[in-house]
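There are 2 protein chains.
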Amino acid sequence: MIPSIEWIDNKVKMIDQTVLPHELKFLEFEDFRDVAISIKLMNIRGAPAIGVAAAMGMALATIEYKELPKSEFLKRMEEAAEVIKKTRPTASNLFWAVDRIWKIISSYPDNPSSLSDLVVEEAKLMAQEDINVNKNIGKNGAELLEDGDVVLTHCNAGSLATVQYGTALAPVRSAIAQGKKISVIADETRPRLQGARLTAYELQYDKIPVNVISDTSSGLMMRLGKVNKVIVGTDRVTSDAVFNKIGTYLVALAAKDNNIPFYVAAPTSTLSLDETVDDVIIEQRDSTEVSNVLGKVQIVPDGVECLNYAFDITPFRLVTGIITEDGVYTPEELLKKYK
Amino acid sequence: MIPSIEWIDNKVKMIDQTVLPHELKFLEFEDFRDVAISIKLMNIRGAPAIGVAAAMGMALATIEYKELPKSEFLKRMEEAAEVIKKTRPTASNLFWAVDRIWKIISSYPDNPSSLSDLVVEEAKLMAQEDINVNKNIGKNGAELLEDGDVVLTHCNAGSLATVQYGTALAPVRSAIAQGKKISVIADETRPRLQGARLTAYELQYDKIPVNVISDTSSGLMMRLGKVNKVIVGTDRVTSDAVFNKIGTYLVALAAKDNNIPFYVAAPTSTLSLDETVDDVIIEQRDSTEVSNVLGKVQIVPDGVECLNYAFDITPFRLVTGIITEDGVYTPEELLKKYK
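Chains Y and R, in that order, give the protein sequences. First residue of the first sequence? That's 2 in my numbering, and the numbers climb one at a time after it. First residue of the second sequence? That's 2 in my numbering, and the numbers climb one at a time after it.
Worth flagging that the hints you see were computed from the coordinates, not collected in a lab. Quantities reported herein were computed from a predicted structural model and do not represent experimental measurements. Glycine included, C-beta positions come from ideal geometry on N, C-alpha and C. Hints are not guaranteed to be accurate.
Heads up, simulated DSSO-like pairs for lysine-lysine below, C-alpha to C-alpha not over 30 angstroms straight-line [said to hold, decoys possible]:
id: 1; chain 1: Y; residue 1: Lys104; chain 2: Y; residue 2: Lys208
id: 2; chain 1: R; residue 1: Lys227; chain 2: Y; residue 2: Lys86
id: 3; chain 1: R; residue 1: Lys227; chain 2: Y; residue 2: Lys41
id: 4; chain 1: Y; residue 1: Lys26; chain 2: Y; residue 2: Lys14
id: 5; chain 1: Y; residue 1: Lys257; chain 2: R; residue 2: Lys227
id: 6; chain 1: R; residue 1: Lys12; chain 2: Y; residue 2: Lys297
id: 7; chain 1: Y; residue 1: Lys297; chain 2: R; residue 2: Lys257
id: 8; chain 1: Y; residue 1: Lys67; chain 2: Y; residue 2: Lys87
id: 9; chain 1: R; residue 1: Lys67; chain 2: R; residue 2: Lys87
id: 10; chain 1: R; residue 1: Lys340; chain 2: R; residue 2: Lys86
id: 11; chain 1: Y; residue 1: Lys87; chain 2: R; residue 2: Lys14
id: 12; chain 1: R; residue 1: Lys208; chain 2: Y; residue 2: Lys297
id: 13; chain 1: R; residue 1: Lys26; chain 2: R; residue 2: Lys104
id: 14; chain 1: Y; residue 1: Lys297; chain 2: R; residue 2: Lys340
id: 15; chain 1: R; residue 1: Lys104; chain 2: R; residue 2: Lys12
id: 16; chain 1: R; residue 1: Lys208; chain 2: Y; residue 2: Lys227
id: 17; chain 1: Y; residue 1: Lys227; chain 2: R; residue 2: Lys257
id: 18; chain 1: Y; residue 1: Lys136; chain 2: Y; residue 2: Lys337
id: 19; chain 1: Y; residue 1: Lys26; chain 2: R; residue 2: Lys297
id: 20; chain 1: R; residue 1: Lys297; chain 2: Y; residue 2: Lys208
id: 21; chain 1: R; residue 1: Lys12; chain 2: R; residue 2: Lys67
id: 22; chain 1: R; residue 1: Lys86; chain 2: R; residue 2: Lys136
id: 23; chain 1: R; residue 1: Lys297; chain 2: Y; residue 2: Lys257
id: 24; chain 1: R; residue 1: Lys227; chain 2: R; residue 2: Lys208
id: 25; chain 1: R; residue 1: Lys136; chain 2: R; residue 2: Lys297
id: 26; chain 1: Y; residue 1: Lys337; chain 2: Y; residue 2: Lys257
id: 27; chain 1: Y; residue 1: Lys41; chain 2: Y; residue 2: Lys67
id: 28; chain 1: Y; residue 1: Lys340; chain 2: Y; residue 2: Lys87
id: 29; chain 1: Y; residue 1: Lys14; chain 2: Y; residue 2: Lys208
id: 30; chain 1: R; residue 1: Lys125; chain 2: R; residue 2: Lys41
id: 31; chain 1: Y; residue 1: Lys12; chain 2: Y; residue 2: Lys26
id: 32; chain 1: R; residue 1: Lys297; chain 2: Y; residue 2: Lys41
id: 33; chain 1: R; residue 1: Lys86; chain 2: Y; residue 2: Lys227
id: 34; chain 1: Y; residue 1: Lys227; chain 2: R; residue 2: Lys41
Here chain R is said to cover these stretches of chain Y; the calculated rule only asks that three of the stretch's residues, wherever they fall, bring their Cβ under 8 angstroms from a Cβ of chain R [unchecked claim]:
id: 35; segment: 130-143
id: 36; segment: 199-206
Bound-form chain Y, shown alone (with noise of 0.2 angstroms):
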């Protein structure tokens, strides 16, 4: 797959992944306004690859405010700081990328100018450390995989979802580049649909077997033994659960149920394991979202309101591995090693 997000040219480019699968469009942007803008309405999503679009919009304020005094320039970095952060609440990346590069911005205050091409190589760092990071996720999770499984994952945490390669479609990749036959069952994914939208694209772009299952059929798909592994990715692991994508609870559950593995890929980025559960605020977003699929079938009465939260909490104790680019731990050992 392509990657989502790219700088060049002292522009950011990416995907609009809100018209896929039926369009491969691109959207280029030099205001990191823009950039923001995008991270809200989803042109481009997923934990680590908001990250990177978040780092990119910071180098582009950057551009636009480095001709400004020191004081000036510092307010104004901080007022997009603002702006970029306040876009997606609940992913830990978001708030891991501003704050990374606002190390730089406070290590070289004197001069603007120079501090932004600083600015704009750390953002370009960062996408190329991301997939970097993915493709030491697929090596350490690919050997959890076994020639034949059919693994089931929620969501799209695939190259996507990142700058190319995946969080937890990158042991897939892997598997099948080390000749294991692996096939995909993709949740869809109600209600912005990125497990029919995006997994099914990006794995039927790479030749890899994918069918897409109704949220409501992950379940009895297991209990059918049509499923031997599941792998999610996550927005953020505090140090007693993981947040991902609504649904995603009801995966593990379902998982335990039927005594099949339940795997999280987690770049490090998204460990934020001096928080717990109480600490997390999960996004609520629009009604609409629910009542009218992809703004254009309406699929419930006028005047009925939905409940659309974006992220749900999965207890440790349904998880069987937490996969990072540095090996794979039970709950138990992330901590020891991470926290």
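Model the placement of chain R on the given structure of chain Y, informed by the hints.
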């Protein structure tokens, strides 16, 4: 809510549930083949309603064939029964209803003409019995509900799934009639969205508070304390499990994990306690129901197949109680009473 199906002037009149909630449109049939098609296309759906539709279809067939000699009449009626029984393989009410009509046919073999009148009367009686059964399920189930309860339901086991009043929604209606304040959270229920379209429609019609959620959300709603009870319907209860709309099993797992009572409203016509899970064929429907939402929005790339099982299996260990027209029973008590 108005009746979903009625016998009027030797015609079967039904609400076309495929165009709800946008339009309240009625279909009228004089040919049993059209009734069979309406069951298959899900213009009418819901186990109890399907049972009555099947009986009324059989009644239409007796009118069509009543002038034939006895042996020819019986041969044609057997064919009609086959056509009707082949429409949906999982709903036990379909077989139960055809068998009940067949008992009359085989008891009065000498005069097809007056036999037709008897069959018509039996079909009308079955429709009335369905309403009575549902009201008793409502009375029994209402005792489980407390003032202020929020009831989560999956799919539509309401008035529209029966002749009138509903099974899973009957306790809600009864409790509200008793003066209790009850509200409902309806799973949208992909792929055919009976929760979003039908449950929301009929509750709004009756001014009962309802919110719709994506199927991915039930677990989080329970974890956040937004749900007190779960009540679902069923298409068939075997000696070890409840067959109901795909996704029910996931809801039951989440209820168990959050110590929320999980009730199944089951008219005794859905009990099939001489069977076990291994005896039941789970209907597989067309891939396009998943890939193309309501035939209007394609959500999956061309060339990617969807798996589309219509029902899943909830083992008795996840069921708190089964509400029949006679009372509320644990699975063990149910087996003792009815097997």
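Hint check:
1. Between lysine 104 of chain Y and lysine 208 of chain Y the alpha-carbon distance is near 41 angstroms, which puts this suggested pair outside the 30 angstroms criterion.
2. Of the supplied pair hints, the one linking lysine 227 of chain R and lysine 86 of chain Y holds, its CA atoms being roughly 29 angstroms apart against a limit of 30 angstroms.
3. Between lysine 227 of chain R and lysine 41 of chain Y the CA atoms are separated by roughly 27 angstroms; this keeps the pair inside 30 angstroms, and the hint holds.
4. Restraint check for lysine 26 of chain Y and lysine 14 of chain Y: the C-alpha separation of about 10 angstroms stays at or below 30 angstroms, so the hint holds.
5. Under the criterion of a C-alpha separation no larger than 30 angstroms, the hint pairing lysine 257 of chain Y with lysine 227 of chain R is consistent with the structure, at around 24 angstroms.
6. With a C-alpha separation of about 37 angstroms, the suggested pairing of lysine 12 of chain R with lysine 297 of chain Y is violated against the 30 angstroms cut-off.
7. Only pairs whose Cα atoms come within 30 angstroms are accepted, and lysine 297 of chain Y paired with lysine 257 of chain R is rejected, the gap being roughly 36 angstroms.
8. For a cut-off of 30 angstroms, the pair hint linking lysine 67 of chain Y to lysine 87 of chain Y stands: about 23 angstroms separates their Cα positions.
9. Restraint check for lysine 67 of chain R and lysine 87 of chain R: the C-alpha separation of about 23 angstroms stays at or below 30 angstroms, so the hint holds.
10. Note on lysine 340 of chain R and lysine 86 of chain R: the hinted pairing holds, with a Cα-Cα distance of about 24 angstroms set against a maximum of 30 angstroms.
11. Distance check on the hinted pair: lysine 87 of chain Y and lysine 14 of chain R sit about 54 angstroms apart at the alpha-carbon level, beyond 30 angstroms; violated.
12. Our distance criterion of 30 angstroms between C-alpha atoms is met by lysine 208 of chain R and lysine 297 of chain Y, whose separation comes to about 27 angstroms.
13. Among the hinted pairs, lysine 26 of chain R with lysine 104 of chain R is inconsistent with the structure: their alpha-carbon atoms are about 34 angstroms apart, more than 30 angstroms.
14. Restraint check for lysine 297 of chain Y and lysine 340 of chain R: not satisfied, since their Cα atoms lie roughly 49 angstroms apart, outside the 30 angstroms limit.
15. Proximity of lysine 104 of chain R to lysine 12 of chain R is assessed by CA-CA distance (about 22 angstroms); at most 30 angstroms being required, the pair is judged to hold.
16. Between lysine 208 of chain R and lysine 227 of chain Y the alpha-carbon distance is near 42 angstroms, which puts this suggested pair outside the 30 angstroms criterion.
17. For the suggested pair lysine 227 of chain Y and lysine 257 of chain R, the alpha carbons sit about 24 angstroms apart, so the restraint of at most 30 angstroms is met.
18. A C-alpha spacing of about 24 angstroms is found between lysine 136 of chain Y and lysine 337 of chain Y, which places the hinted pair at or below 30 angstroms, so the restraint holds.
19. Proposed proximity of lysine 26 of chain Y and lysine 297 of chain R is supported: the alpha carbons are some 22 angstroms apart, at most 30 angstroms.
20. Between the alpha carbons of lysine 297 of chain R and lysine 208 of chain Y the distance comes to roughly 27 angstroms, so the proposed pair stays at or under 30 angstroms and holds.
21. The straight-line distance between the Cα atoms of lysine 12 of chain R and lysine 67 of chain R is roughly 16 angstroms, inside the 30 angstroms bound, and the hint therefore holds.
22. A C-alpha spacing of about 27 angstroms is found between lysine 86 of chain R and lysine 136 of chain R, which places the hinted pair at or below 30 angstroms, so the restraint holds.
23. For a cut-off of 30 angstroms, the pair hint linking lysine 297 of chain R to lysine 257 of chain Y is broken: about 36 angstroms separates their Cα positions.
24. Taken as a hint, the lysine 227 of chain R and lysine 208 of chain R pair is honoured in the structure, with Cα atoms around 20 angstroms apart against an allowance of 30 angstroms.
25. For the given pair, lysine 136 of chain R sits about 37 angstroms from lysine 297 of chain R by alpha-carbon distance, which is inconsistent with the 30 angstroms threshold.
26. Distance restraint check for lysine 337 of chain Y and lysine 257 of chain Y: the Cα-Cα separation of roughly 24 angstroms lies within the 30 angstroms cut-off, and the hinted pair is therefore satisfied.
27. A C-alpha spacing of about 26 angstroms is found between lysine 41 of chain Y and lysine 67 of chain Y, which places the hinted pair at or below 30 angstroms, so the restraint holds.
28. Restraint check for lysine 340 of chain Y and lysine 87 of chain Y: satisfied, since their Cα atoms lie roughly 27 angstroms apart, inside the 30 angstroms limit.
29. For the hint linking lysine 14 of chain Y to lysine 208 of chain Y, the alpha-carbon distance of about 25 angstroms falls within 30 angstroms, and the restraint holds.
30. A distance of roughly 22 angstroms separates the Cα atoms of lysine 125 of chain R and lysine 41 of chain R; the hinted pair therefore holds under the 30 angstroms criterion.
31. Pair hint lysine 12 of chain Y plus lysine 26 of chain Y holds up; C-alpha atoms about 16 angstroms apart against a cutoff of 30 angstroms.
32. Between lysine 297 of chain R and lysine 41 of chain Y the alpha-carbon distance is near 26 angstroms, which keeps this suggested pair within the 30 angstroms criterion.
33. The hinted pair formed by lysine 86 of chain R and lysine 227 of chain Y meets the criterion: a straight-line CA distance of about 29 angstroms does not exceed 30 angstroms.
34. Proximity of lysine 227 of chain Y to lysine 41 of chain R is assessed by CA-CA distance (about 27 angstroms); at most 30 angstroms being required, the pair is judged to hold.
35. Coverage of a stretch by a chain is defined here by at least three residues with a beta carbon nearer than 8 angstroms to that chain's beta carbons; for the segment 130-143 of chain Y and chain R the count is 0, and the condition is violated.
36. Proximity of the segment 199-206 of chain Y to chain R, defined as three or more residues with a beta carbon under 8 angstroms from a beta carbon of that chain, is established by the 3 residues found.
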